[in-house]
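Here is how the chains run, residue by residue.
There are 2 protein chains.
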Amino acid sequence: MADSCASDAAPPPSIGGGSFLIAWQLKDKNVLIVGGGEVASQRIESILTADALITLLAPAKGVHARTKELIDTYPSRITYYDRRFSGPAEIHKMDMVLTALDDVNRSREICEMCRKAKVPVNAADIPELCDFYFGAQIRDGPLQIMISTNGNGPRMAALMKKKIQSALSGREGEAIERVGVLRAQLKERVPGVGGALGRKRMKWMSEVCNIWEVDELMQLDDAVIKKLLDEGWEKDCVPTLAQLNGQRKRNISRRAASAVSSDPNQWLPMIGSFALGAACTMLIVLARKK
Amino acid sequence: MADSCASDAAPPPSIGGGSFLIAWQLKDKNVLIVGGGEVASQRIESILTADALITLLAPAKGVHARTKELIDTYPSRITYYDRRFSGPAEIHKMDMVLTALDDVNRSREICEMCRKAKVPVNAADIPELCDFYFGAQIRDGPLQIMISTNGNGPRMAALMKKKIQSALSGREGEAIERVGVLRAQLKERVPGVGGALGRKRMKWMSEVCNIWEVDELMQLDDAVIKKLLDEGWEKDCVPTLAQLNGQRKRNISRRAASAVSSDPNQWLPMIGSFALGAACTMLIVLARKK
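Heads up: the protein sequence lines correspond to chains A and B, in order.
Okay, so the first sequence: first residue is 1 according to full-length UniProt numbering, each after it adds one.
Okay, so the second sequence: first residue is 1 according to full-length UniProt numbering, each after it adds one.
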């Protein structure tokens with residue numbers, strides 16, 4: 001293919017064209033939100049997830065019901081002022097600014113002030129002025145997932161979100177929490193940072209996560225954790241949950257039983273087929289009798 | 001439950017404890033990476049995804065093979081200096097700084113300089129100094145997904161990534177691209193920003209994405225797009241792909257057929273039940289005869 005490149009070399013493999021997806025830390029940081037409509041209410045919820053302190057500027061007459069509800073519910077997190085944005089002085093102590101205004105020109109001005117003050121900014125509906133974009137989000141305790149279509153529409157992001165949600169059981173967050181407790185108790189039992197021991201600890205934890213299913217990791221209560229550390233870590237191996245419980249066979253047979261009984265869609269056709277088989281045979285017998 | 005809160009009011013519903021997941025925009029921005037080891041090579045790859053311009057500082061003797069390969073492959077994107085970080089002057093023109101050093105104290109110093117200069121910074125292995133964290137990433141063209149366990153270990157993030165990947169067909173990126181083309185052609189046909197027309201366009205696009213499956217959206221080539229705009233947008237409706245192709249009935253019957261024939265696990269038990277029904281009836285008849 002013809003290439004406008006001056007060099008004769010093949011063009012490098014393309015890996016660009018995307019965004020830099022990150023988990024921004026906002027705990028007790030100051031975030032300014034300008035505007036109080038429906039979009040602002042969505043912004044407030046995202047920001048509250050990250051434990052930030054919000055300053056909200058919006059004339060009361062334009063404040064959405066959901067925004068009002070959030071202001072009332074989180075008074076220690078949201079400081080609300082019933083007025084418009086007044087100028088650059090509002091920005092200086094901020095760690096992040098979000099605008100959600102109908103007035104595009106005012107949004108542009110605020111973005112310019114933020115850029116000068118080196119404060120990260122997002123302006124709703126003006127992508128070219130944004131330091132960062134939002135995406136569809138899934139939250140399950142410590143598990144957070146973001147889906148970005150890189151500007152190809154929120155609808156497709158929502159579709160992808162639905163697809164991903166259907167692949168998750170909704171108990172992954174709990175499993176992640178239990179693994180966190182296991183890791184903490186292992187560190188308590190074998191303290192120290194880095195080195196050969198740190199690597200051994202990390203490798204053993206990895207193996208547990210590889211061998212145990214999500215539903216099994218959820219069962220890591222204090223008793224199971226103690227047993228796993230005693231029978232696993234101390235003996236330099238990773239037993240399965242079934243091995244730990246000494247009920248491998250029972251577990252398997254329970255699983256086989258549930259495979260038959262859990263889903264009516266599975267056994268209804270079988271009953272139908274049984275009846276059909278019986279009926280056909282009866283018909284043949286009756287036909288022969290005549 | 002007892003609460004240390006001074007107020008009598010019920011505590012607000014907890015939605016905190018998470019991060020603020022965002023898609024940072026780095027196109028042609030300046031990113032400084034300090035260190036050239038394996039971790040640095042992973043950072044470089046993430047940053048290249050977002051089309052940034054990288055300045056890399058690392059003495060040649062510590063440069064990892066993968067880092068070297070990236071320097072050689074993307075000379076227009078990576079400016080490499082065979083030396084250590086020299087001081088605050090290196091930071092001033094940067095939009096972001098990432099350190100990947102074994103020297104924790106040096107990393108801390110660089111983070112402090114960045115904070116003073118209001119430049120976002122991530123220091124590998126020193127979470128408390130980071131403005132942002134990384135997560136497990138999935139990329140499929142315009143589709144990007146990030147999975148964060150909020151510090152509960154990369155292993156669980158990798159597990160979740162595997163689970164999510166297995167729910168995706170790997171063709172979602174292409175479907176998103178095709179929808180982007182459809183949206184562009186609709187805008188070309190009915191130009192204008194915002195207003196009632198903008199809302200109507202957005203609503204129609206949403207309906208297409210809701211009604212069409214991912215595998216169908218992938219089939220939006222130029223001919224299908226033209227047909228969909230002619231038969232759908234112009235007539236104020238959203239036909240299915242099957243309707244567009246004039247093969248609605250054929251499609252439905254194909255789907256019904258596949259529901260029976262695709263999975264042996266579905267019809268084997270039914271054959272067994274049929275045989276069992278027949279056998280039982282035969283036995284009853286034979287027993288009666290005697």
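Since the hints were made in silico from the structure, they are not lab data.
Some clues are possibly wrong.
Intra- or inter-copy, both count: the list cannot distinguish identical chains.
[Stated by the list, open to error] Lysine-lysine pairs mimicking DSS-like chemistry, simulated, CA-CA at most 27 Å apart: (1) K289 with K187; (2) K116 with K200; (3) K200 with K161; (4) K27 with K118; (5) K227 with K203; (6) K61 with K162; (7) K93 with K118; (8) K68 with K289; (9) K29 with K93; (10) K289 with K235.
Against the structure, the hints come out as follows:
no. : hint           : in the structure
1   : K289 with K187 : neither (80 Å within a copy, 75 Å between copies)
2   : K116 with K200 : neither (48 Å within a copy, 38 Å between copies)
3   : K200 with K161 : between (36 Å within a copy, 24 Å between copies)
4   : K27 with K118  : both (19 Å within a copy, 17 Å between copies)
5   : K227 with K203 : within (19 Å within a copy, 56 Å between copies)
6   : K61 with K162  : neither (35 Å within a copy, 48 Å between copies)
7   : K93 with K118  : both (11 Å within a copy, 12 Å between copies)
8   : K68 with K289  : neither (82 Å within a copy, 82 Å between copies)
9   : K29 with K93   : both (10 Å within a copy, 24 Å between copies)
10  : K289 with K235 : neither (70 Å within a copy, 64 Å between copies)
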